[in-house]
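Protein chains in written order, with my numbering: chain V, 1 to 318; chain G, 1 to 318; chain W, 1 to 318.
It should be emphasised that the hints constitute simulated quantities derived from the structure, not laboratory data. All values reported here derive from a predicted model rather than from experimental measurement. Among the hints, a few may not be true.
Which copy is meant is left open, so a pair is good if it fits within one copy or across any two.
The calculated BS3-like cross-link candidates involving lysine-lysine, where the alpha carbons are at most 27 angstroms apart (straight line), are [said to hold, decoys possible]:
#1 Lys179 / Lys132
#2 Lys261 / Lys250
#3 Lys164 / Lys31
#4 Lys37 / Lys163
#5 Lys116 / Lys261
#6 Lys164 / Lys261
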Amino acid sequence: MQSFISTHDVSDIPALIARALMYKNDPLADKSLGAGKRLGLLFMNPSLRTRVSTQIAAQNLGMESYILNVGNDNWQLEFGEGAIMDGTTVEHIKDAAPIFGEYFDIIGLRTFPGLKDRALDYSENVIRSLQKYANIPVLSLESATLHPLQSLSDLITIQENWKKVTKPKVVLTWAPHIKPIPQCVANSFAQWVNAWCGADFVITHPEGYELDPSYTDGATITHNQQDALEGADFVYVKNWSSYYNYGQVKTDGAAWMLTEKHMSLTNDAHTMHCLPVRRNVELSDEILDHPNGLTTIQAVNRVWAAQAVLSEMLNGRP
Amino acid sequence: MQSFISTHDVSDIPALIARALMYKNDPLADKSLGAGKRLGLLFMNPSLRTRVSTQIAAQNLGMESYILNVGNDNWQLEFGEGAIMDGTTVEHIKDAAPIFGEYFDIIGLRTFPGLKDRALDYSENVIRSLQKYANIPVLSLESATLHPLQSLSDLITIQENWKKVTKPKVVLTWAPHIKPIPQCVANSFAQWVNAWCGADFVITHPEGYELDPSYTDGATITHNQQDALEGADFVYVKNWSSYYNYGQVKTDGAAWMLTEKHMSLTNDAHTMHCLPVRRNVELSDEILDHPNGLTTIQAVNRVWAAQAVLSEMLNGRP
Amino acid sequence: MQSFISTHDVSDIPALIARALMYKNDPLADKSLGAGKRLGLLFMNPSLRTRVSTQIAAQNLGMESYILNVGNDNWQLEFGEGAIMDGTTVEHIKDAAPIFGEYFDIIGLRTFPGLKDRALDYSENVIRSLQKYANIPVLSLESATLHPLQSLSDLITIQENWKKVTKPKVVLTWAPHIKPIPQCVANSFAQWVNAWCGADFVITHPEGYELDPSYTDGATITHNQQDALEGADFVYVKNWSSYYNYGQVKTDGAAWMLTEKHMSLTNDAHTMHCLPVRRNVELSDEILDHPNGLTTIQAVNRVWAAQAVLSEMLNGRP
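Let's have the full structure, built from the sequences with the hints guiding it.
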């Protein structure tokens, strides 16, 4: 694996899930695979679970990790070709990235979208420029539009919790929030479930919250949450701001908050959320505290997702 | 040892001191005890000595440590049952803590009091909630009302510097400061000295600076600093704000600043302070620079205190 | 080597360069030299390349490194003898430094100048006080007036890229910037090239940008950039603010920006800059993107510079 930014970087999703579950069963199975290799973890935005789970994954592979916390504020990177840098940007990605490429064997990056300029955010210029100029495998720790380690972890979690031969019905439902949130987790979950082909996949949201079709195509999409939840085996709850009215919040949508009443429509479904979650805004206490809630397991599986991806990168390097 | 928050978590204080001194003599005596174990260090407030000394202690035991810097500002946790999280809190401890419990074998936490609401601070809701929901041993790196690693280190330091058979006279004296300071260090020192029973213990402070009796009961308490210092073997200098007029500073109390004149009343006493110290406000240069000053040794002993506690936790885990 | 703050700490610069190049060829040649030793890295100002390259160097020597991020803002140190600390400073270096001296075997420090008070900055009171009170080797990670790891890395880079028997012509040219910048990198480069004696050294800058003669004495100094560049083999580009009108920016000096036209005067020179660089302000894209540009190599050589210095310190300790 050269980089890990979207499903397009993965040739065999079920094999990657299987590798993650192998590590979950035997964390130190490849404890020397990363010996003498260095993982840089570049955070342009805060991170807690992603940071720790990826460090643990590297440690399990015998790989050294190096944390670089760079606020967008105190180290503004320039990405424009030919830019005259007499303003707020202090370093060009063309100058910074090659050095990371020499210091590290793999570089992880977290970068959030500005939610102001859709074309800019969806060009993924930050992570793509890093990939172009660093010339080593790039591991997305959540980028402007996608969050692949979360999605891989979500698929691992679904597979672990589904024992039938038939495909589960997986529903991604929009949830209310108090401020504009990126589309990353929703885009990414949709892309991964569609590419995986392991589920009957339904997306439901209020009008105006349509996602980028390049990620959702293949799923059934409905504005009727009740219809969507009917017979669901897994319900993934997530807020996102508008894609077409970019970054806007069109409605408070309070009725979309998932409660036990909604869950009664499902097939005793498991509930999922990537965390952090605002209780009793996105979904109710009773669901989060219910044994069917999988949020802790999703977060724990981040370790095995990262470990599987890092091991593929380490194996794939000459 | 399941957790380390107060003396109530310790069954045998002299044995814990002895273990710390054993490690001071032979730092790598148990260099593989923590192999494959992970220590999370969660800082909701800044730390310098505590952070480094605890990391060194973990390293000496072969344990990996993971730093999580979370400002109270950028990651406000919710603690209320049933809270509707449509305000400033972004994550409930019920959702965050179980993940730490899965990532780590032991979790350390630093959290300061707000000094606004005494009942809230003294409920220790932050560290107690972490303990409740993480379900792994919790190591206090200073909490709202106590600072047990400091106090253990202080007892180690007293024991090292006292060679007589009779008990030393230990005096905790209030000192002036320029701003309101938590009662943690004073509470904790009082609690530990009282539980240790290894000293004749006197506390002196101006009227209005009475501490919570649940920590001080057992000590002689006086407003007369001169009487207190008479014949003292160890003088522990520390400012704290009012407990009863919670967080208030009633008087500048400049006369309480410890100087050589005060020390002449003592039995050539050793002086102690947990650092950082404001020179010539809390105590004078001449005392800090005197060979009887123990502040550096107290800070160094933080390593051995942490190592003793971590080793007890590691040994105590099934 | 006891400390590493300026060339005065180094007895044999060519030998140090040779050691660095030895490590570049064989990074793990001394992989156990630092076993059981601890390196503290104290950052009073931000760092990216310095932090990572020094951590990698320590790792290559089997040494543990500990990061301490302390903003000048949130942990203001006091340096004055006899100071009454009732103001903004919270801890005296006399109290803090000895503890670092006990926790660590070597301590690195980054501290920037205030650019307000030349005498204060040039007294190097911060790093010199640390050295005085910590009582262990101090490794400068850039101090108020010098940046020796950068300069050592620069000499390594020059030596690697010069195959002739005759000395290269090395030119340090002032470049424009949009804000006042310390003199550290220029001072340090001048000091090191002069002490090295391996180059014909010319410094060029606009009137008013004269550097401290104690660093530049030995070099040819001219205000005529064209003359300076004539026949140059290496051109080091760097902005600095005025030394005599301390911290002032006297002219925008836009004409001093290095372009291809300037480079045509040289002997197909290599170009150097310590990064970060403001493109098309300090020098033009065409130069930075030209194969003769050495900026990435300079940054990579920081690893080997740090490793050579750390190994000398480790070898020199009893």
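Evaluation of the provided hints:
1. Lys179 / Lys132: The answer is neither: 33 angstroms in one copy and 30 angstroms across copies each exceed 27 angstroms.
2. Lys261 / Lys250: within (25 angstroms within a copy, 55 angstroms between copies)
3. Lys164 / Lys31: neither (33 angstroms within a copy, 47 angstroms between copies)
4. Lys37 / Lys163: neither (38 angstroms within a copy, 32 angstroms between copies)
5. Lys116 / Lys261: neither (36 angstroms within a copy, 40 angstroms between copies)
6. Lys164 / Lys261: within (26 angstroms within a copy, 72 angstroms between copies)
Hint compliance for this structure: hints 1, 3, 4 and 5 are broken, all remaining hints hold.
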